[in-house]
Structure formats: structure tokens, C-alpha cells
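Residue numbers (the UniProt record's numbering), protein chains in the order written: chain A, 1 to 214; chain B, 1 to 853.
Derived from the structure by calculation, the hints contain no laboratory data. These figures come from a predicted structure and were not determined experimentally. The reader is advised that the hints may include incorrect statements.
Straight-line C-alpha distance at most 30 Å; calculated DSS-like pairs for lysine-lysine [what the hints assert, rightly or not]:
#1 Lys103(A) <-> Lys681(B)
#2 Lys647(B) <-> Lys174(A)
#3 Lys100(A) <-> Lys456(B)
#4 Lys149(A) <-> Lys681(B)
#5 Lys173(A) <-> Lys456(B)
#6 Lys103(A) <-> Lys456(B)
#7 Lys760(B) <-> Lys31(A)
#8 Lys681(B) <-> Lys100(A)
#9 Lys271(B) <-> Lys173(A)
#10 Lys647(B) <-> Lys113(A)
#11 Lys195(A) <-> Lys681(B)
#12 Lys103(A) <-> Lys647(B)
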Amino acid sequence: MITGTIVAPGDKVLDRVGQYRLGNGLYEANKRIYSSIAGYVNIYTFKDKSDNLVQVIEVRRSTDPRENELLPYVGAVVTAKVMAVGLRFAKCDIIAIGDKVYKKRFSALLPKKKLRPLEPELSEPFKNFVRTNDYILAKVCEDVGIKDKFVLSIAEDELGVVLCRGKFGEAMKKVDWNTVISTRTGKTEPRKMAKVPQNCVLFNDDSSAMETDA
Amino acid sequence: MVKQRVTAMRKQVEELIRTGATLVRESNGLPKSGADYELYNSYPTFNTFMKTSEERLNALMAKVTKSIGIVMRVPDVGSSVEHYTECVIEAQDNIAERVSTLHEVLKKADKDEIVKVPEYITKAAPTNRKTESEISAAMKTFSANIGTVLAQKFRERREEAAETIVHEKPQRTYNIPADNSAAPFASKLTVKHHAIKKRAGIVLIDDDESGRKEWNRSETETEEEHPYMTEVLHFKVPEEQLKSGETRKFKPLEKTPLTMVDTTEKLEALKDVLNSVKEFSVDLEHHQVRSYLGLTCLIQISTREEDFLVDPFPIWDQIGMLNEPFANPNILKVFHGSDNDILWLQRDFGVHVVNLFDTYVAMKKLKFPKFSLAYLAFRFADVVLDKQYQLADWRARPLRSAMVMYAREDTHYLLFAYDSLRELLLKQDAKLLSDVYSECRDLCIRPYKKPVFNPKGFMTEIKFRFTLNSRQDFALTSLYRWRDVIARTEDESPQFVLPNHMLLALAETLPRDTGGIYACCNPLPHFVKQHTGDIYKIMMEARDVKLEKVELTAREKINAQEVRGVMNESMDQLTSILNSKIDFSHIKFDEERGEIDIDKSQVGNDIQQKDCQTSLLSVLESSTVQNMESMIIVEEGKNVDCKKIKKLLNELNQFVTPYECYTVMMKEKERLEEIERQEAKRKKLEEGDKPKTLFSHHDAAVNRKAEFDAKLLNVDTVKLNSNETEEQQQKSPMEVDKDPPVFDPSRFSDDQLMSKKAMKRKRDAARKNIDVSVVLGESSSSDPKRAKTSEDKKEVEDFDYGTADNSAFEKTVKNNEPDFDPFHQKYRVKNKSKKNMSMKKSSNRQGTINYKK
């Protein structure tokens with residue numbers, strides 16, 4: 001009856017739970033079901049282990065399931081700042097998930113083996129890829145060993161450093177995908193740069209138009 | 001007073017510390033041994049002075065320790081400093097030990113409830129000030145020599161325990177009848193005093209005096225009907241009770257005469273006294289462990305002038321005559337928490353109460369912080385009641401003086417409290433007092449009903465940790481019934497016959513033998529021991545029942561839960577608090593306070609209101625934020641720099657977040673891939689026009705799928721080329737592999753393109769030329785040079801290094817890209833050159849490089 005209705009926080013969705021199971025964005029108070037977020041009511045079904053049909057009712061922010069996620073989820077492209085670089089891990093702070101910027105920074109780990117694809121052990125030091133205070137584009141991925149933190153990966157061409165600064169805080173310019181050059185001292189440093197246009201102009205209709213930095 | 005003491009103590013301690021500090025300072029100024037002491041000591045005046053002061057110090061120490069109560073071993077004059085310290089440490093240890101033992105004793109006493117620390121003193125709320133009486137009570141308990149006080153208390157306690165054992169049940173001693181049958185309760189009323197209505201089944205006997213009528217019990221009377229129903233309903237509160245009157249202070253306990261009523265004559269006298277007063281206060285002591293229905297053990301009655309303790313056992317049947325003053329609507333009866341007392345009076349003596357004032361109800365009405373009698377007495381009479389005998393065994397006779405004291409204190413202050421409460425109620429609202437009376441009327445009207453045995457009563461009585469199967473259910477039902485039967489015949493409470501947890505343990509384990517039954521019950525109840533055979537029979541029967549899971553019906557479940565108060569369909573404010581997800585556990589529930597009192601009359605408190613609350617949607621819809629406009633906040637007093645703002649906005653507009661770049665890139669990539677795919681499709685279509693029919697081994701394996709495509713994609717071709725050229729330049733003195741680049745432009749490796757023979761040919765050709773080969777980037781397994789054999793190694797070793805120029809290794813690798821260092825040669829070369837490594841070693845290194853790549 002109610003699929004698709006728009007609700008605001010505090011709106012009563014159901015008088016009782018009934019056959020439904022509560023999903024995201026709902027809470028129960030005084031035996032009634034209220035919405036805790038603004039969005040659309042959605043009902044979906046799935047079969048559980050004993051083959052019973054379970055109906056789940058939830059409130060969604062938007063039709064795209066990824067939009068509903070608040071926390072960094074696996075596969076999300078995030079912008080992060082490298083806070084510290086260790087021997088095997090680099091500590092990062094996630095600044096933005098997709099294009100959503102959060103007040104809180106999520107701490108995450110960038111393991112060494114996630115620097116390049118299909119390379120189990122890398123003899124190259126961490127600093128050839130990222131250094132402290134770099135801003136990187138990364139993807140959240142799963143890791144067998146690390147369960148308590150978000151794990152990042154830059155093992156894609158399009159992922160890597162997007163912004164970095166030199167010793168004196170000066171801007172570093174990209175030379176090629178593996179090197180940056182300081183605008184002040186002219187010193188080159190290795191980095192794994194993200195293969196994204198450094199300067200681009202967004203057009204609403206035609207996204208193909210892009211300019212690379214001269 | 002305590003505060004003063006504490007501050008005084010603190011001052012003393014501060015003083016002590018200050019003097020101690022000066023002492024240390026002074027003593028540091030004294031000549032030390034090993035330095036000047038020996039010299040000074042040669043002067044006889046110094047020597048004698050030191051000796052006398054040492055003696056004085058010794059005497060002082062002995063005095064101090066003695067005053068604490070500890071004997072100190074004072075060292076002889078002239079003994080070493082170490083000896084002194086030893087003695088002092090010993091003394092201090094003794095003190096600490098004594099303190100800790102005293103502390104332990106106190107703790108134990110608190111646990112054993114020998115010392116009841118009044119709650120106002122230990123957990124005093126900061127809002128209520130301590131009064132003198134509280135402090136004096138505390139002082140009495142914690143006097144200075146606490147050890148002896150505690151020892152005395154312990155001794156008293158032991159004696160009490162020996163005394164209080166009831167050897168024979170008073171029901172048997174005094175022949176008190178108990179009707180434990182399932183028959184409905186029949187009123188014990190014999191004479192109905194102060195009746196105002198003629199009822200069916202009542203024979204009226206004209207009496208000479210004020211409307212005294214004979215009350216005959218008739219068989220048609222149902223127990224639901226209260227004999228004084230009409231009287232209570234038509235009861236009008238006397239005018240003077242609704243008016244403000246004088247507050248008469250209670251007489252002190254010592255000056256109040258106390259009468260023990262245990263004979264019929266005394267009871268008659270009491271009745272006359274009660275008939276003559278305007279109001280009196282009543283309290284009951286009740287015992288319910290060793291009786292099925294419960295037993296009234298003591299009735300305390302206080303008038304303004306006197307206290308009475310009625311021992312009901314010897315005059316059990318005569319107490320009914322007290323009905324006359326109790327049912328008199330012109331005499332006020334003051335109770336505290338009367339709901340049970342009234343029922344017990346009805347049950348045991350056939351005494352009914354008309355015109356009741358319950359101080360508990362009044363306290364509720366006045367919204368006191370606590371509703372206990374102790375609080376009432378504390379608040380109005382400024383007396384701290386010792387409630388330790390509240391749960392004592394009141395059947396014991398003769399009553400000990402402490403218990404008598406406790407019992408009379410229960411009612412002694414009640415009339416004064418009533419006066420104070422009445423004034424308070426009248427002061428707040430005239431309606432409140434009549435409200436209290438109407439609520440008390442509801443209490444009076446409740447008729448006593450016998451507990452009805454419910455065969456499934458255990459569902460609500462016992463909390464289950466597990467779901468029962470059919471056997472356990474059978475056993476539990478049978479045991480429950482057995483327990484009830486035994487309790488009725490023996491006149492004991494069911495809990496005394498078999499406590500709930502043992503009942504559950506028996507039903508859960510279903511022991512096979514008597515030993516198992518005993519194991520379930522510890523300590524073994526008397527009746528279990530007596531009737532082991534019955535329990536054993538039940539267990540055996542239960543074991544024969546077919547095993548199946550018992551599913552409670554939804555209705556039963558809800559009933560059980562509702563009784564326990566877990567869930568309620570009817571949601572009100574109270575249950576909504578109880579069911580709330582907010583954690584209230586840290587808020588200590590005070591038993592004295594009783595249940596949470598919520599005023600339902602207030603508007604807006606209704607939980608249903610939330611349902612009809614207006615949705616926020618309209619608000620959300622109306623306030624759509626316009627994306628294009630941004631707000632600019634300029635600090636007050638500063639000029640608005642339009643240019644700057646414009647520039648800033650422009651920059652902001654132009655700024656592209658990394659994520660947006662990424663999306664652009666992904667789209668671009670997708671587009672390229674799409675084009676590629678279409679190209680491939682087109683090619684395939686073109687080729688598809690003239691399909692090849694015959695394949696031979698000469699055919700290149702072009703159609704094979706590019707397995708390493710994904711891997712190769714990641715390599716930037718441009719970068720690879722540049723690197724390779726650099727490498728070639730660097731290694732120019734050596735013979736450098738001139739093989740075609742490892743990576744075919746068409747992104748297929750050799751083994752994918754060439755036939756086996758061609759590969760071999762190529763490998764051979766390579767082998768002839770190769771000495772150092774460097775492969776960069778993503779070396780795939782298909783690289784032919786990887787499969788080097790020992791042969792290759794030999795060839796490498798054969799190379800004449802003497803002629804070769806190895807300067808390339810000597811100098812640090814430095815070109816236009818200083819950080820480029822693919823194999824960490826920089827470090828290696830540095831190290832080796834420092835250590836003057838021989839050529840042989842360097843050749844070895846060469847070999848390793850060769851091998852690795």
C-alpha cells in the first residue's frame with residue numbers, strides 16, 4: 001500500500017510490524033513504526049535459509065542503493081589524505097566518499113600490497129607511490145587480514161595521488177604518471193599519480209570534453 | 001556537627017604536616033654521623049643533651065602509641081637508627097592492621113545487617129540536610145570504640161537468633177483454625193455493628209442500644225460481596241475530619257503507657273477505649289511462610305494517649321469484637337499502606353474498616369519523594385526508624401523488647417503524621433483531602449478472596465530459562481499441583497514446601513532416583529524429604545510421557561507476559577517508559593518509592609498524540625534550497641569586497657573535485673572501450689564474410705584470447721619506452737640486448753604470437769647475444785628470457801670482464817632523473833665500491849641480476 005510514499009523523519013509508516021521485518025531508516029516506538037530519515041518507503045522480499053519469504057520494509061533516500069550508504073562501502077571511490085606512512089601500511093583519513101564530504105573523517109589503511117594490481121610483495125618503498133600529506137583517490141576494498149578498519153586500494157590506473165606538495169609546501173606538478181616535479185626547486189619525486197585529468201571543465205551534457213594540464 | 005569535626009580534624013592534620021616539615025628541616029640541620037657528629041660528640045654537654053632528648057623522645061613515642069591502643073617496642077637509649085626505624089615501622093604496621101580488621105568487621109556487620117547504616121547518612125542526597133536526630137542515631141551506631149559495640153551487637157544477634165526460633169507453630173499451640181479448602185471465603189463476621197441497611201439473610205435482633213444488629217452468615221452469601229458494602233459506599237466523611245485542626249504532637253515513647261492485650265478482659269477494655277476516642281492508628285504484623293493463607297501475628301493500635309499491642313494468638317476468636325470501633329464511621333482509623341492490612345483483618349478476625357485514612361495514599365497525593373513509613377516518621381516526627389525487624393518472625397512469643405519497641409513505633413507516630421498530612425493536603429488543595437478519602441474508601445471496599453489454585457499458574461509465577469518439552473511440562477504441572485495440595489493440608493506456604501527454583505530444577509532434570517531428587521533441592525525442604533515417594537512417582541510418570549516440544553499458543557504467551565508485565569497491548573505512558581530503548585538501568589530504582597506515578601490527566605502527555613503529529617514533509621518541501629545561490633557571510637564592520645568575492649566564487653565554481661575528475665575519466669574510458677568494442681565487432685564482421693575453413697600449425701595464434709590483457713593495460717607504453725632507452729644508454733659499454741621490445745605493440749606476448757619453433761629460434765638467437773638483459777615493468781611469465789637454464793649462467797661467466805668497462809658501476813647512477821633506480825643499483829654499487837669488491841664478486845652480482853629478471 002505504501003511503497004513509494006515519501007516520508008519525513010518521525011512520520012508513522014505502519015501501525016504495527018505485522019509480517020514485515022524492519023529494514024534501514026525505520027524505528028519502532030510504542031508498537032508503531034516510524035521513519036527515521038526522509039525518503040521513500042520501499043518493500044522488498046527475499047528468501048531466508050529455511051526458504052521462508054521475508055518481507056523487509058525500509059526507507060530509502062534514493063533509488064540508487066549506493067546513495068543510501070552513509071559509511072564507506074566496499075567499492076566506493078573515496079578521496080583520502082595520507083596521514084602517515086609505515087613500512088607495510090599507510091594510514092589515511094577518508095575525507096569524502098564519492099562526492100559527499102563528511103564532517104567526520106574515517107580512518108583507513110592503505111596496505112602495501114594494494115598499491116599495484118596483482119603484485120603480492122613489492123620491494124619498492126612506499127614513498128615511491130604515496131607520501132605523507134598527499135591526497136589520493138582510492139577505492140574501498142575488502143581485506144582478509146584487516147577487519148577493523150576500512151582498507152583502501154589504489155591498484156588502478158585511475159586511482160592514486162591527485163594532489164601533493166613538496167618539502168616546502170610548494171605545489172608539485174605532474175610530469176608523467178609516475179613522477180611529479182616541484183614548482184619551486186625543480187626536484188622530481190616518484191609518485192603513483194592517478195590517471196585523471198588534472199584540470200578539467202565539466203559540461204553538464206557532454207562529459208567527454210576535457211583538458212589536460214599544459 | 002560532623003562538618004565541624006571534619007574541618008577541625010583537617011586543620012589538625014594540616015598542623016601536623018606543617019610541624020612534621022619543620023621537624024625534618026631541623027633534623028637536617030643536626031650534625032650527621034660520619035661528618036661532624038663524632039667531633040661534637042666529644043663534648044660532654046652535647047653528649048648529655050642528646051641522651052636526654054633521646055629519652056624524652058622514647059617516652060613520647062610510647063605515650064603516643066599507647067593512646068592509640070598499641071604497645072610499641074621502644075628501643076633502648078643509644079641504639080642504632082636502623083633499630084629505631086624498625087620499631088616505628090612495626091608500630092605503624094600494627095596500627096594499619098588494626099584499622100583493616102576493624103574495617104573488615106564493619107563490612108561483615110553491614111552484610112549481616114547487624115549494623116544498619118541509616119540510608120540518610122550513607123547515601124544522603126545533597127538536597128536534604130541532616131538533622132540532629134539522624135546524626136545522633138549515626139553516632140550511637142558508630143561510637144568511638146566501634147570494636148566493642150560491634151562485638152556486643154554480634155553477641156546480641158546470636159542470642160536473638162537462638163531465641164527467635166519458633167518451636168511449634170502457633171496455629172497448633174493456640175488451635176487457630178485455618179480454612180485452606182478451595183471453598184470460597186466465608187466472612188467471619190458475627191455481629192454487624194453500625195449497619196444501616198437490612199439485607200437478605202441477616203436476622204435483625206433488636207438491641208437496646210444504637211442499632212446493634214445480629215449478623216448471621218447465610219449459605220447464599222457469595223464471597224464477592226463485602227458485608228459492609230453499603231456502609232462503605234454511603235460513608236460520609238465527618239465534617240471535622242475535613243477541616244483543619246490542631247496538630248497534636250505525639251507523646252514521647254517513654255511517657256506513653258504500653259498495654260499488651262492478650263486476654264479477653266484486656267481486649268474488652270481496649271474495645272471500650274477505642275470506642276471512646278475520635279481516631280486511632282493501626283498496623284499489623286503478618287507472617288506468610290509457615291501458613292497457607294497467611295497469619296496475622298500482631299496488631300498494634302495507638303491512640304493519642306496510649307499504645308496497645310494485641311497478641312492475637314490466645315484470643316483469636318474474640319478479636320472480632322474490635323469490629324465495633326473499626327466499623328464505626330465516626331472513628332477515624334489511620335493506616336499506612338493499608339491495602340493488605342484490611343484484607344488480613346477481614347480474613348483472620350472478620351474485622352471491617354469504615355472511615356479510613358491511609359497515609360501512604362496521602363503521601364502519593366502530595367508527591368513525596370519516598371512513600372515509606374520510615375520516611376514519614378523521619379519527615380514529620382524527625383525519628384529514624386530501625387526497620388530491621390520488618391521481616392522478622394513475628395510468631396515468636398514472648399516478644400523481645402526490641403521487637404516490641406519496633407512494633408509500637410510503627411503506629412506511635414502515625415497520628416501525628418496524619419495531622420501533619422491533613423494540614424499539608426488542606427494547604428495545597430481542599431479537594432485533595434476528599435480525594436484521599438475516596439481512594440481510601442476504594443481500599444475499604446475490597447473484599448477478601450482466597451487465592452484460587454491455577455493449574456497453569458507456574459507459567460506466570462516462574463521465569464523460564466528454557467522452553468519446556470512435554471515431559472517437563474507434565475512434571476511441572478504435577479509438581480505444582482502436588483505442592484499446592486501439601487501446602488493446603490500442612491498449612492504451609494507453597495514456597496516453603498518447595499521453592500520455585502527447586503521446582504524448576506526438578507522439572508528440568510527429571511531425576512531418576514531419590515538421590516537425584518535430593519541433589520536438585522539444596523537445602524532439602526522438610527516436605528520434600530517426607531514425600532520423596534510422591535515426587536519420585538511424578539518423575540517416573542513424567543518420564544513415560546511421549547517426548548515432544550510444547551508450543552505455547554500465542555494467547556498463552558501473551559497472557560504470561562502480560563502478567564509479568566513484560567508486554568502490554570495497551571500502551572500507556574508507563575509502559576512506554578518501560579519499553580523504551582533508552583537505558584534507564586543506571587537510575588537506581590528505589591523500592592520505597594513504589595511505582596512510577598504519572599499524571600494522566602495532563603493534556604499533551606498522551607502517547608497517541610504522536611500518531612496525529614503533523615508530518616515534517618511540508619516543512620521539507622517548502623524549504624527547498626536553491627543550489628545556484630550561495631550565501632556569503634562577511635564579518636561585521638568589514639567592507640564587502642565584491643571583486644574578491646566574485647573571484648572566490650569563480651574559483652569555487654571552477655574547482656573540480658578529484659572524484660569528479662575520476663568520474664570524467666571513467667566515462668572517457670567507457671567511451672573508448674565502447675569504440676574499441678565496436679571496432680572489434682566491425683572487424684569480426686568483415687572477417688566473418690570470408691571465413692577461414694582450414695587451419696594449420698603454421699597459422700599464428702591470433703585468435704587466441706589475450707589472457708594478459710588486463711595486466712598489460714596497466715603499463716604505460718610511453719613510460720616503458722623511455723625507461724628502456726635510458727637503460728640502454730646506461731648500459732652502453734656492455735653488450736646490450738638488441739632484441740625487439742618485450743611487449744609487442746599489439747599487446748600480445750611472444751608465445752601468443754609465435755609458433756613453438758619460431759620461439760625456439762628466437763631464444764637461441766637471443767642466447768647468443770645476451771649477457772645482461774633487463775626487463776622492465778610488468779614482466780609476464782611468457783618472457784622467453786625468464787626460462788634461463790644453467791647454460792646461460794655459464795655463458796655469462798665466460799664473459800671476459802677484464803676488457804669490459806665497469807665504470808658504469810663505479811659511478812653513482814645519475815642522470816636527469818635522479819630518483820630513477822630500478823634495481824637499487826645505487827646502493828649496491830656504493831657498497832661494493834666502498835668495500836673494494838673484486839671482479840669475481842661483481843660478476844656474481846651480474847649473474848644474480850641476470851637470474852632475477
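Hints, one by one, checked against the model:
1. Lys103(A) <-> Lys681(B): Status violated; Cα separation ~48 Å.
2. Lys647(B) <-> Lys174(A): Between lysine 647(B) and lysine 174(A) the Cα gap is close to 26 Å, so the pair holds against 30 Å.
3. Lys100(A) <-> Lys456(B): violated, 60 Å
4. Lys149(A) <-> Lys681(B): The hint is violated at about 44 Å.
5. Lys173(A) <-> Lys456(B): The given pair, whose Cα atoms are some 83 Å apart, is violated under the 30 Å limit.
6. Lys103(A) <-> Lys456(B): violated, 58 Å
7. Lys760(B) <-> Lys31(A): violated, 79 Å
8. Lys681(B) <-> Lys100(A): violated, 39 Å
9. Lys271(B) <-> Lys173(A): Violated - the C-alpha atoms of lysine 173(A) and lysine 271(B) are around 109 Å apart, more than 30 Å.
10. Lys647(B) <-> Lys113(A): violated, 43 Å
11. Lys195(A) <-> Lys681(B): holds, 28 Å
12. Lys103(A) <-> Lys647(B): Distance of about 26 Å is within 30 Å: holds.
Figure legend: structure checked against the earlier numbered hints; hints not met, in rising order: 1, 3, 4, 5, 6, 7, 8, 9 and 10.
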